[in-house]
Amino acid sequence: MARVVVDVMLKPEILDPQGQAVQRALPRLGFEGIADVRQGKRFELEVEGPVDEAALARIHAMAETFLANTVIEDFTVKVDGEAQ
Amino acid sequence: MTARVGVITFPGTLDDRDTQRAVRIAGLEPVPLWHRDKDLKQVDAVVLPGGFSYGDYLRAGAISRFSPVMETVIEQAKGGMPVLGICNGFQVLTETHLLPGAMLRNNHLHFICREQKLRVENAGTAWTSDYEAGQEISIPLKNIDGRYVADEHTLDELEAEGRVAFRYLDGNPNGSLRDIAGITNAAGNVVGLMPHPEHAVEPLVGTGRTDGLGFFTSILKKLVNA
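If you're matching them up, the sequences are chains A and B in order.
Residues in the first sequence are numbered from 1 upward in steps of one, following full-length UniProt numbering.
Residues in the second sequence are numbered from 1 upward in steps of one, following full-length UniProt numbering.
Treat the hints as calculated values from the structure; they're not laboratory data.
Among these hints, one or two may not hold up.
[What the hints assert, rightly or not] Label pairs and their calculated CB-CB ranges:
| hint | chain 1 | residue 1 | chain 2 | residue 2 | range |
| --- | --- | --- | --- | --- | --- |
| 1 | A | Arg3 | B | Asp170 | 48 to 54 Å |
| 2 | B | His97 | A | Gly33 | 39 to 45 Å |
| 3 | A | Arg24 | B | Thr2 | 51 to 57 Å |
| 4 | A | Met62 | B | Asn225 | 41 to 47 Å |
| 5 | A | Met62 | B | Glu75 | 18 to 24 Å |
| 6 | A | Gln18 | B | Glu152 | 21 to 27 Å |
| 7 | B | Glu152 | A | Arg3 | 34 to 40 Å |
| 8 | B | Asn225 | A | Asp36 | 36 to 42 Å |
| 9 | A | Lys41 | B | Ile112 | 43 to 49 Å |
| 10 | A | Asp74 | B | Trp34 | 34 to 40 Å |
| 11 | A | Arg24 | B | Asn225 | 26 to 32 Å |
[To be verified] Calculated cross-link-like contacts (lysine-lysine; reagent style DSS-like; alpha-carbon spacing at most 30 Å):
| hint | chain 1 | residue 1 | chain 2 | residue 2 |
| --- | --- | --- | --- | --- |
| 12 | B | Lys221 | B | Lys41 |
| 13 | A | Lys11 | B | Lys142 |
| 14 | B | Lys41 | B | Lys222 |
| 15 | B | Lys117 | B | Lys222 |
| 16 | B | Lys221 | B | Lys38 |
| 17 | A | Lys11 | B | Lys222 |
| 18 | A | Lys78 | A | Lys11 |
| 19 | A | Lys41 | B | Lys142 |
| 20 | B | Lys117 | B | Lys41 |
No residue lacks a Cβ here, since even glycine has one placed at the ideal position from N, Cα and C.
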């Protein structure tokens, strides 16, 4: 089975207080030099059958309608770590 | 005949009983609906109550949006049926795109529970006609995903069309853009807000105020006069 990864990130203009909270904690823990952190979601899909164009189109539709809310989030679809 | 108001229960809904009670107190007949019901049992209006439908997994309201009952609600709302979404119900309505924008984690990341002052900005919707424009009311607020966001163009459009139905007063509790607490669709039949009118309908419980009752008496008038 092939693995397809869907990464979902808040759009750049949307405030990400979770990422900010992580960023603010870093110096306290001794990790300096990180100017900004944004937090996203990663979905790993184990796909039955071949990951052909049709399968990728279905996954793209799935990401667009369900995994991401495109009002506030962007997403990318990758197969085995290779950008599509 | 009494008008029938459906109150939907999803797995994880908390405020369905309070909402049914508010509907009853206003003089309407509450009709419990289950998330798997495709048939709305001939109700005249629907309320999506607060809670954490489907555990709010993925995003608040995202999974409920695809439930069988919502397929019918979306279709009928587009046809003019009055729909009110309270808190999680508001989140569901943005996920369905019946209302624009989206709801995100509060800017301070904390769950908040308090009495919240609001200004009724639009008293022309199906659910707000018993209020007056500019009226200030106080009802409970309790959520962690209450931050309303939309792009600038959408916000300007909402303001220009008078579709910001409620605004927070005395401090913005969650970072919602332009202090927006609730909005309506263009037709005025679909309304969503984060605070909970159904918890403020009896003087003996909750905040001791009945400022929320107007939502349910508004819809009563609307349905009886229809």
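Exercise for the section: Mind listing which of the numbered hints don't hold for this structure, in increasing order? Expected result: 8, 9, 11, 17, 20
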